[in-house]
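Visitor: Mind the numbering: the sequence shown is residues 1 to 115 in the working numbering, read in order.
I should point out that these hints are in silico values taken from the structure, not numbers from a laboratory.
Possibly wrong hints are sitting among the right ones.
[Stated by the list, open to error] Taking lysine-lysine and the DSS-like style, the derived pairs with C-alpha atoms no more than 30 Å apart in a straight line are:
1) Lys66 to Lys79
2) Lys36 to Lys66
3) Lys36 to Lys52
4) Lys90 to Lys66
5) Lys21 to Lys66
6) Lys90 to Lys109
7) Lys66 to Lys52
8) Lys40 to Lys21
9) Lys52 to Lys40
10) Lys21 to Lys52
11) Lys21 to Lys90
12) Lys36 to Lys21
13) Lys109 to Lys79
14) Lys90 to Lys79
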Amino acid sequence: MSRQVMSGQRHILRALSLWPKGTIRPEVQFQTVLQKRFEKARPDISEEAQLKEANALYSLLDNRYKRQYPITGSLLQPKSNPTYYTDLVKELEEAPNRSYMDRLLLRIKGLVRLQ
1 MSRQVMSGQR
11 HILRALSLWP
21 KGTIRPEVQF
31 QTVLQKRFEK
41 ARPDISEEAQ
51 LKEANALYSL
61 LDNRYKRQYP
71 ITGSLLQPKS
81 NPTYYTDLVK
91 ELEEAPNRSY
101 MDRLLLRIKG
111 LVRLQ
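Work the whole structure out from these sequences, hints included.
Guide: Structural data, given as structure tokens:
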């Protein structure tokens with residue numbers, strides 16, 4: 001195995017080790033799935049392709065596209081439901097800390113909608 005192939009593989013594994021852990025579904029992590037894929041040496045993938053994949057991972061880690069293409073306020077506040085995205089972010093932040101009873105109450109509230 002050439003040194004360059006190891007280099008591309010090493011970059012990918014390093015980028016995956018820096019990937020943040022998911023709090024919504026802690027038993028299924030994005031980085032562990034990809035680490036299993038890249039732990040074994042793969043001679044069918046060229047060094048250039050591996051470096052491109054590592055570059056894509058690093059760009060996602062650095063939020064490169066979020067900075068390059070910022071989202072304006074009008075896109076975040078649709079006229080049909082202006083608070084949709086703020087409510088969604090709030091729900092995603094609160095979800096990992098909910099107890100069993102809180103989750104059950106929310107499910108029941110979702111089933112019975114009073115208007």
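Visitor: Determine for every hint whether it applies to the structure shown.
Guide: Results of checking the hints against the structure:
Restraint check for Lys66 and Lys79: the C-alpha separation of about 23 Å stays at or below 30 Å, so the hint holds. A distance of roughly 28 Å separates the Cα atoms of Lys36 and Lys66; the hinted pair therefore holds under the 30 Å criterion. Restraint check for Lys36 and Lys52: satisfied, since their Cα atoms lie roughly 18 Å apart, inside the 30 Å limit. A distance of roughly 20 Å separates the Cα atoms of Lys90 and Lys66; the hinted pair therefore holds under the 30 Å criterion.
At roughly 19 Å between alpha-carbon atoms, Lys21 and Lys66 fall within 30 Å of each other, so this suggested pair holds. Proposed proximity of Lys90 and Lys109 is supported: the alpha carbons are some 17 Å apart, at most 30 Å. Distance check on the hinted pair: Lys66 and Lys52 sit about 19 Å apart at the alpha-carbon level, within 30 Å; holds. Our distance criterion of 30 Å between C-alpha atoms is met by Lys40 and Lys21, whose separation comes to about 22 Å.
Restraint check for Lys52 and Lys40: the C-alpha separation of about 18 Å stays at or below 30 Å, so the hint holds. Among the hinted pairs, Lys21 with Lys52 is consistent with the structure: their alpha-carbon atoms are about 23 Å apart, no more than 30 Å. Among the hinted pairs, Lys21 with Lys90 is consistent with the structure: their alpha-carbon atoms are about 18 Å apart, no more than 30 Å. For the hint pairing Lys36 with Lys21, the CA-to-CA distance comes to about 16 Å; that is within 30 Å, so the pair holds.
A threshold of 30 Å between alpha carbons decides the hint, and for Lys109 with Lys79 the separation of about 25 Å falls inside it, so the pair holds. Only pairs whose Cα atoms come within 30 Å are accepted, and Lys90 paired with Lys79 is accepted, the gap being roughly 19 Å.
Going down the numbered hints, you'll see the structure goes against none, and every one checks out.
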